[in-house]
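Chemist: Sequence:
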Amino acid sequence: MDPSSHFIYSSCREMLLEHLFIGEVMSAMWKQSLRRVEMLKSQVDNGGYDVVLAEGPITRYIQLKSAFVGARAASVKINRALADKSSGCVIWMFFDPGTLVLEHFLWFGSPPDRPFPSLDDFKIAKHVKANAQGVKSERPNIVVIPKRRFERLETIDGVIEKLFGTPVVSDQAVELTIESQEPASIESLRL
Numbered sequence: 139m140d141p142s143s144h145f146i147y148s149s150c151r152e153m154l155l156e157h158l159f160i161g162e163v164m165s166a167m168w169k170q171s172l173r174r175v176e177m178l179k180s181q182v183d184n185g186g187y188d189v190v191l192a193e194g195p196i197t198r199y200i201q202l203k204s205a206f207v208g209a210r211a212a213s214v215k216i217n218r219a220l221a222d223k224s225s226g227c228v229i230w231m232f233f234d235p236g237t238l239v240l241e242h243f244l245w246f247g248s249p250p251d252r253p254f255p256s257l258d259d260f261k262i263a264k265h266v267k268a269n270a271q272g273v274k275s276e277r278p279n280i281v282v283i284p285k286r287r288f289e290r291l292e293t294i295d296g297v298i299e300k301l302f303g304t305p306v307v308s309d310q311a312v313e314l315t316i317e318s319q320e321p322a323s324i325e326s327l328r329l
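All you need for the working numbering is the position in the sequence shown, starting with 1, plus 138.
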């Protein structure tokens, strides 16, 4: 693969990685019998999140970031609006640049149903390009979170545990057998 594809087609790659991530999360949750997961996609990038995942009473607003394994990225920029969302979090995906396989993840957030960590101690981001006077102005709604503030997660199951806590009991049918008053009959009750 031509390495320049990663920056020439970065928007396409970003969308592909988002779909791969969602697919892996939903597949892993399916295997854990968590089959009522909902996924919503933000159409406008001003709320600080890319996708919303919900399972039962827990709803997570997720900002996705990505970098290939070995990239020298030392930080990511996030929108302060994410802190206003219920249980917001940032998931930084690291992928193999040749295969796009998701290798590991970095996590920044709080447990389910807890507020987003304070952003007060983080640097305010600056515009990449300078104005006519050569000054790179601040972007007051964007903060820079250094890599060292993230927690490394090796597997998608680790990500799911961070997102939803201890695995939730699914809505699988439970079959109970109840003996009736008459010794010869047995009734099955399906809950």
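If you are wondering where the hints come from, they were derived from the structure by calculation, not from laboratory data. Just so you know, even glycine gets a beta-carbon here, dropped at the ideal spot from N, CA and C. It cannot be assumed that every hint is accurate.
Unchecked claim - Okay, derived cross-link-like pairs now, BS3-like style, lysine-lysine, Cα gap no bigger than 25 Å in a straight line:
id, residue 1, residue 2
1, K274, K264
2, K261, K215
3, K264, K215
4, K169, K215
5, K285, K264
6, K215, K274
7, K267, K300
8, K300, K215
9, K285, K223
10, K300, K274
11, K179, K169
12, K223, K300
13, K300, K285
14, K223, K169
15, K285, K274
16, K285, K169
Claimed, not checked - FRET-style restraints, in silico, Cβ to Cβ:
id, residue 1, residue 2, range
17, G303, L257, 20 to 28 Å
18, E152, R277, 27 to 35 Å
19, D258, S171, 36 to 44 Å
20, K179, S248, 16 to 24 Å
Chemist: Mind checking the alpha carbons of K223 and K169 for me, to see if they're no more than 25 Å apart?
Modeler: 28 Å, violated
Chemist: Run the distance test for K215 versus K274: straight-line Cα separation, threshold 25 Å.
Modeler: 15 Å, holds
Chemist: Measuring from beta carbon to beta carbon, are D258 and S171 in 36 to 44 Å?
Modeler: 40 Å, holds
Chemist: Are the Cα positions of K300 and K285 separated by 25 Å at most?
Modeler: Cα-Cα ~18 Å, so holds.
Chemist: When you check the alpha-carbon spacing of K300 and K215, does it fall within 25 Å?
Modeler: Distance ~21 Å between K300 and K215 Cα, so the pair holds.
Chemist: Given the hint that K285 pairs with K169, does the C-alpha gap stay at or below 25 Å?
Modeler: 31 Å, violated
Chemist: Between K285 and K223, is the straight-line Cα distance small enough, at 25 Å or below?
Modeler: It holds: about 22 Å lies between the C-alpha atoms, which stays within 25 Å.
Chemist: Need the status of pair K300, K274: alpha-carbon distance at most 25 Å?
Modeler: Violated. K300 to K274 sits at ~36 Å, over the 25 Å cutoff.
Chemist: With respect to the beta-carbon atoms only, verify the hint that G303 and L257 lie 20 to 28 Å apart.
Modeler: With a Cβ separation near 23 Å, G303 and L257 satisfy 20 to 28 Å, so the hint holds.
Chemist: Can the restraint linking K264 and K215 be considered satisfied, given a maximum Cα separation of 25 Å?
Modeler: 10 Å, holds
Chemist: Would the pair K285 and K274 pass a check requiring their Cα atoms to be no farther apart than 25 Å?
Modeler: 23 Å, holds
Chemist: Between K169 and K215, does the CA-CA distance stay at or below 25 Å?
Modeler: At roughly 33 Å apart (the allowed maximum being 25 Å), K215 and K169 break the hint.
The structure shown violates the earlier hints numbered 4, 7, 10, 14, 16, 18.
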